[in-house]
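The numbering used here applies: residue 3 is where the sequence shown begins, and numbers increase by one.
For the record, the hints were derived by calculation from the structure and aren't laboratory data.
Take the hints with a grain of salt, since some may be wrong.
Unchecked claim - 20 angstroms max Cα-Cα, derived EDC-like pairs, lysine to aspartate or glutamate:
id: 1; residue 1: 104; residue 2: 86
id: 2; residue 1: 85; residue 2: 74
id: 3; residue 1: 109; residue 2: 130
id: 4; residue 1: 118; residue 2: 130
id: 5; residue 1: 105; residue 2: 93
id: 6; residue 1: 109; residue 2: 93
id: 7; residue 1: 121; residue 2: 100
Computed from a predicted model, the values in this text were never measured in an experiment.
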Amino acid sequence: MKMASRRANSWASGSSSNQKNVGNSNVRCNCGKEALIRTVKNGPNLGMKFYGGPLWPDKHCEFFRWVNEHTDMEENQLKFLEKDTVMCELEVELKHRDEKIKKLQSKKAKLEEDLKHMKNELSEMRIEILK
3 MKMASRRANS WASGSSSNQK NVGNSNVRCN CGKEALIRTV KNGPNLGMKF
53 YGGPLWPDKH CEFFRWVNEH TDMEENQLKF LEKDTVMCEL EVELKHRDEK
103 IKKLQSKKAK LEEDLKHMKN ELSEMRIEIL K
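Sequences and hints are given; from them, build the entire structure.
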């Protein structure tokens, strides 16, 4: 429905288009032919690119899709890539946190060792004082 309303808007406004012989083999019109990339020449969508059937307007092919509009498969691929990217970023963040934790644990162990030595020194000093 969204595409139909956009198509109606661009064609109803008297928009015309030019075509490029550059097609996208993944985008085929309803006739099964490779769709052409066209550019809206006037109206509210001026300059926007869309896929249209190669036989339009001679054989009024109804196929229309904006170039930047994604199919469900493309949308799912984009969502997958976005989630994969987020997952990679989280893995990097986790690695950095693990490294930070190791450094802090090492520092804690050293401080505990220092504290143990200080307590021993303090005990020895008390014994010396009490003699």
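| Taking only the CA atoms, is the gap from residue 109 to residue 130 under or equal to 20 angstroms? | violated, 31 angstroms
| When you check the alpha-carbon spacing of residue 121 and residue 100, does it fall within 20 angstroms? | Status violated; Cα separation ~31 angstroms.
| Holds or violated: residue 105 with residue 93, Cα cutoff 20 angstroms? | Distance ~18 angstroms between residue 105 and residue 93 Cα, so the pair holds.
| task | Would you check the hint for residue 104 and residue 86, treating anything up to 20 angstroms between C-alpha atoms as holding? | result | violated, 27 angstroms
| message | Can you confirm whether the C-alpha distance between residue 109 and residue 93 stays at or below 20 angstroms? | response | Given that 20 angstroms is the threshold and the Cα spacing comes to 24 angstroms, the pair is violated.
| task | Decide if the proposed pair is consistent with the structure: residue 118 and residue 130, CA atoms, cutoff 20 angstroms inclusive. | result | holds, 19 angstroms
| Given the hinted pair residue 85 and residue 74, is their alpha-carbon gap at most 20 angstroms? | holds, 16 angstroms
Hints 1, 3, 6, 7, counting from the list given before, are not met by this structure.
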